[in-house]
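Quick note, the sequences are listed as chains A and B, same order. Read left to right, the first sequence gives residues 267 to 545 (our numbering). Read left to right, the second sequence gives residues -17 to 273 (our numbering).
Just so you know, the hints here were simulated from the structure itself, not pulled from any lab data. By construction, the Cβ of each residue, glycine as well, lies at the ideal position given by its N, Cα and C atoms. Hints may be right or wrong, so weigh each one.
Residues of chain A clear of chain B, computed beta-carbon distances all greater than 10 Å [as the list claims (entries may be wrong)]: (1) Ser306; (2) Asn319; (3) Val394; (4) Met461; (5) Asn477.
According to the in silico footprint, chain A covers these stretches of chain B (three or more CB under 8 Å from chain A) [what the hints assert, rightly or not]: (6) -2 to 11; (7) 61 to 71; (8) 111 to 124; (9) 195 to 208.
The lines below spell out each chain.
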Amino acid sequence: MRNAQSIRGEVRIFVQIMMILLVLASLLPLYDVVAASFKSGDEFLVNTFLPPNSPIIDNYVYAATSGRLLRFTLNSLILVPIGLVFYIAVCVSAGYAFGKMRFASRRPLLLFVLFLMIFPQLLLATQVFRVISILNLTDTGLGVILTWVAYFAPFGTYIMTTYFTDMPYELVEAARMDGASHLRILTTVMVPIAMPMIATIAIIGFQSMWNELPFSLLILQTEASRTVTLGIAMMKGQYGLRVPIQSAALVIAMAVPLIIFLVFQRYVTLGVTAGAVKG
Amino acid sequence: MTRRGLSNDGIAPYLFLAPLLLLLAAFILYPVAMNLVASFTEWKGYGPMKWIGLANYQTMISDQSFWTSLSNTAILVCYIPVSTIITIFVAALLAEGLRGWKAYRAILFIPNLLGPVIIAVVFSIFLRGDGPINLALKWLTGSTSPFLTSPVYAINVVGIVQIVWVHLGFGLIYFLAAMSGIDRSMYEAALIDGAGFWQTFARVTIPSIRFAVEFWVVFSFIEVFARMFSFIYTLTQGGPGYGTFTLEYGIFVQGFAKFHSGYAGAWSVVLFLFCAAISVAQIRVMRRRNP
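Bound conformation, chain A alone:
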């Protein structure tokens, strides 16, 4: 990125320094939490901000076991990938239909899906909760997964639709001439080409589901079935839980999203620009 180069000389150095300060300032809240997570309750009383004098890992042990953070993380690591499989299947198949198939109601249906994209969870929650109870899925993983996929699929579908629309129609046409079915075209021709975009919506779907709160809050009612995000939100409400333990729990909860970011940074970046809106 070297577009302008209109800042020169001392001003450039000044801007460079300001930028470093901005980045450091925005890391401060995270530093505070990481530092607190290694302090004993006694040390935290007298040393609230500086790095720990005698770092301990007891807070982590407590948060992971008694705080059940390991259990919650494991729950998320089971629910989210299963949700992602459904999510990708739904979005890719619908995106292909909107992008490359011809049918009379294509335009109105697409507009309808786009229209439903942004409604907040709380607008739907009362009734979603009823639908889930009617289906007998209260407090089940499947209940949460179905809700997640339904709620986040319109955005993924939108991205896949624009992607498939931009693909040359000749690809479909040639295969159709050879007598291939649409399902075959999608799975053998389109999906392999679309892999980078599928990876992008997978990352978007992962982040959306991993961080989702309202639906899991309402559907997952027993403590043992909580996701890590729900577990963290509930822990905040626990009266008198000491800051160092809360901090350790937070650091544990940050682990998976940070690892995903480090490994798939390219797709995370693509995800921001793919739709310009978050799901």
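Following the hints, put chain B in place on chain A, whose structure we already have.
Then chain B, alone, in the frame of chain A:
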């Protein structure tokens, strides 16, 4: 794109769309419609509904917490221009090719990655009475600030953290991508004309990313009206008092804490109207970009 050759695809498209449409019907369309029906009834969220006409709406407009939730939302909306200006400005600085711009961009994105719940707990710790910010304030001014225990402070903390700070990292990636698409010869021409940073910013950068800015503003409205619940629930539970109460939070309290689902339905209808307007605006912006 040409659509010649083969004719209509018959029933196949509907089979491809069936999973999506079924899910949307059950989990989005039906809930929205049922909220509208429920808003005219007295209902606990289960059992029979009793038709009461517009009574819920009458209760709502005389409910102080309803108006507070609207004014809180209005305060959050005020942070949209703040966030937009700061984000575009920082993006323009990074687009100058500052050393380490990729690292800055990645680090500032971290809050987006961690999500609203983790960020809310992080800030409940960071802004505590004897936390670093308050220690610094005490050292500088002699007194601390009740960031999360005073309603006036709390709603502004929500705006600054969630709308300005978290969105900065998201917006940098987005606007840097938009700026990288600007024709470089325009910058070279501006440079030859002797234009400085501000002139280049105003005459080249901003006009070239106009559509990206429109998209961004719509996105910010979605965040304010439809994506604030998780953060507010975790940080302040709508409080202190009604300090961070929003429409979403009102629906939550009425529907799930008090079991006034009919009344929550009336709040939902208001929220629906706001969101429907934003949704239409978003579709218009999208269609201009992808005709």
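A quick look at each hint next to the structure:
no., hint, in the structure
1, Ser306, "holds (16 Å)"
2, Asn319, "holds (17 Å)"
3, Val394, "violated (6 Å)"
4, Met461, "holds (19 Å)"
5, Asn477, "violated (3 Å)"
6, -2 to 11, "holds (count 11)"
7, 61 to 71, "violated (count 0)"
8, 111 to 124, "holds (count 4)"
9, 195 to 208, "holds (count 8)"
Against the hints set out earlier in the document, violations occur for numbers 3, 5 and 7.
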